[in-house]
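Number of protein chains: 2
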Amino acid sequence: MRVTILGNNSALPAFGRHPTAQTVTVYGEVLLFDCGEGTQMQMQRYGVKWKNFNHVFISHMHGDHYFGLPGLINSMSLLGRTAPLHLYGPATLQPILDLILQAANTILKYDLHFHPLPEEATMIADTQAFTVTSFPVQHGIECHGFVVEMKTRGRRILPEKCSEYGIAPEDFEPLKQGMDHVLPDGTVVKNEWVTDVGPRPRKYAYCTDTLYTETILPFISGADMIYHESTYLNDDREKAEARFHSTAAQAAAMALKAGAGQLLLGHFSSKYKELDAFREEAAAIFPNVIVSVQGEAYDL
Amino acid sequence: MRVTILGNNSALPAFGRHPTAQTVTVYGEVLLFDCGEGTQMQMQRYGVKWKNFNHVFISHMHGDHYFGLPGLINSMSLLGRTAPLHLYGPATLQPILDLILQAANTILKYDLHFHPLPEEATMIADTQAFTVTSFPVQHGIECHGFVVEMKTRGRRILPEKCSEYGIAPEDFEPLKQGMDHVLPDGTVVKNEWVTDVGPRPRKYAYCTDTLYTETILPFISGADMIYHESTYLNDDREKAEARFHSTAAQAAAMALKAGAGQLLLGHFSSKYKELDAFREEAAAIFPNVIVSVQGEAYDL
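Line by line, the protein sequences are chains A and B.
Residue 1186 in the numbering used here sits at position 166 of the first sequence, with consecutive numbering throughout.
Residue 1055 in the numbering used here sits at position 35 of the second sequence, with consecutive numbering throughout.
Careful, some of the hints might be misleading.
Identical chains share a label here; the pair holds if one copy fits it or two copies do between them.
[To be verified] Heads up, simulated DSSO-like pairs for lysine-lysine below, C-alpha to C-alpha not over 30 Å straight-line: (1) K1259 <-> K1293; (2) K1071 <-> K1259; (3) K1071 <-> K1291; (4) K1069 <-> K1259; (5) K1069 <-> K1210; (6) K1071 <-> K1196; (7) K1071 <-> K1293; (8) K1293 <-> K1129; (9) K1069 <-> K1291; (10) K1291 <-> K1129; (11) K1129 <-> K1259; (12) K1071 <-> K1277; (13) K1196 <-> K1069; (14) K1210 <-> K1071.
If you are wondering where the hints come from, they were derived from the structure by calculation, not from laboratory data.
Excised from the complex, chain A in its bound form:
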């Protein structure tokens, strides 16, 4: 599971930092979370492939989280996409996209399935590789956080061992599920001789934009990594609260309470050129903190 930051600034682009967008890659599937202006160019720039890219999640209707979406949707059609695309966002997103397509007389070459986000916490996507659950956060307008959970793929095949016993790849599936293998001569190959414990399924939580609110703890607790917005530093906590945002210290407190593995900070105000102070402020509370860097990828 890998998180790639395409943009990590708040409303105003500044210091080369683009507005919010990030991909989460799970078993090769690419999920996009938010899509600020310029996201399609950022995807080109940082080599995000559009193969296996079928799900887009929009947290809320502030422009810095979705103004890149119409361009991305259009460009995929121009590039000949035919696979359906699933889009999850506030209900008010759909009529805007409809009007935009209508004004351009555009008929997309693929099916765009729009899924309005429910008010309550809900599992909104459930595939062979992952689930995504949305949950309400506290911002000035309707706003959602997301949790991505990998599905277990069972035990990990040891190809050399299988080869020694003459087990062909088409027989791997029962082994992954923990079953023993019986050779044509009746010999039983014990599962643990040719497999190992599979990778632990990872859990990632995406929390932006939001006030510090412990109502989200039930959804994000135990996440291997939490991305939590930290628009401001503690000096500006009153401004943060007035604008429904969080500070680095608050993000760290949330990660601590949630028992997170790592904390990834982002959505920095354009007033900050340098970001070292975000790491310092958060690390005093929760040491395993990363200040996100645009273009960087973080593995869980």
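We have chain A already, so just place chain B on it with the hints.
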């Protein structure tokens, strides 16, 4: 009069070329023509100031010509703009912007005056410094070209000469209008002793996206510079026609018939990495051609 190219690619951003946007500066006033995705970042990047920026013109409702507009409008409000902004575009633009602002619960801190573009050629802006006339071009959907004409500012003051005769700056206005000056002692200072011929008012024509169509000649003829789209080369003229676009050769033929001073080419297809062939193809028909380069400024 100066044209600055913020983006000169067609629908798909490619090879670092952004979608269409350009500013025209007239007597220090900045006019924006089209506003593709990322325009606010391009303005930052190329140092376009928001002072004296009060007019935005959108040619048509294909996304590569206006998907940067919602972000630009928002950012100006966040940055504390209070001066009114005049926006000219197809009537279908207004309900889209209204829905976008409504979904975000945003009230702009300045007045956004929307002027729907008339079907017929019309002078849509008339200020002390310039006029702008829109005219229909031929594209798949409603699409407009624009002509910007500087207003004459009268004769040019020669400050040293004025100083010699003891004429103070507050007395310059009548001199600009061609009048003589009478000194306190009754001496007449002839106008031509302290002024020179003023700058010739320039005319700029912006033609994108469009088929080659001579119906636009009455509006653009005699322009000092014509920006004409050249999405394709002549090899692809059938594709150009099918998509309501022009070739470099057609743009050059238009400039020739219009008696233009210079031709500026842009709106290049993402299939072309190198653009030298555009200059060659056009120059064979109209020698005074420039292949626009993103970030460059061209003086008329």
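Now for the hints, and whether the structure bears them out:
1. K1259 <-> K1293: The answer is within: 18 Å in one copy meets 30 Å, while 47 Å across copies does not.
2. K1071 <-> K1259: Result: close only across copies, 27 Å inter versus 41 Å intra.
3. K1071 <-> K1291: between (37 Å within a copy, 20 Å between copies)
4. K1069 <-> K1259: This pair counts as between: shortest inter-copy Cα distance 28 Å, intra-copy 38 Å.
5. K1069 <-> K1210: Neither: 40 Å inside a chain and 72 Å across chains, both beyond 30 Å.
6. K1071 <-> K1196: Within one copy only: 26 Å inside a chain, 65 Å across chains, cut-off 30 Å.
7. K1071 <-> K1293: between (35 Å within a copy, 23 Å between copies)
8. K1293 <-> K1129: between (42 Å within a copy, 25 Å between copies)
9. K1069 <-> K1291: between (32 Å within a copy, 19 Å between copies)
10. K1291 <-> K1129: between (41 Å within a copy, 20 Å between copies)
11. K1129 <-> K1259: Only across copies: K1129 and K1259 sit 19 Å apart there, 45 Å inside one copy, limit 30 Å.
12. K1071 <-> K1277: Answer is neither; intra-copy 37 Å and inter-copy 47 Å both fail.
13. K1196 <-> K1069: Classified as within; 28 Å inside a copy, 61 Å across copies.
14. K1210 <-> K1071: neither (37 Å within a copy, 76 Å between copies)
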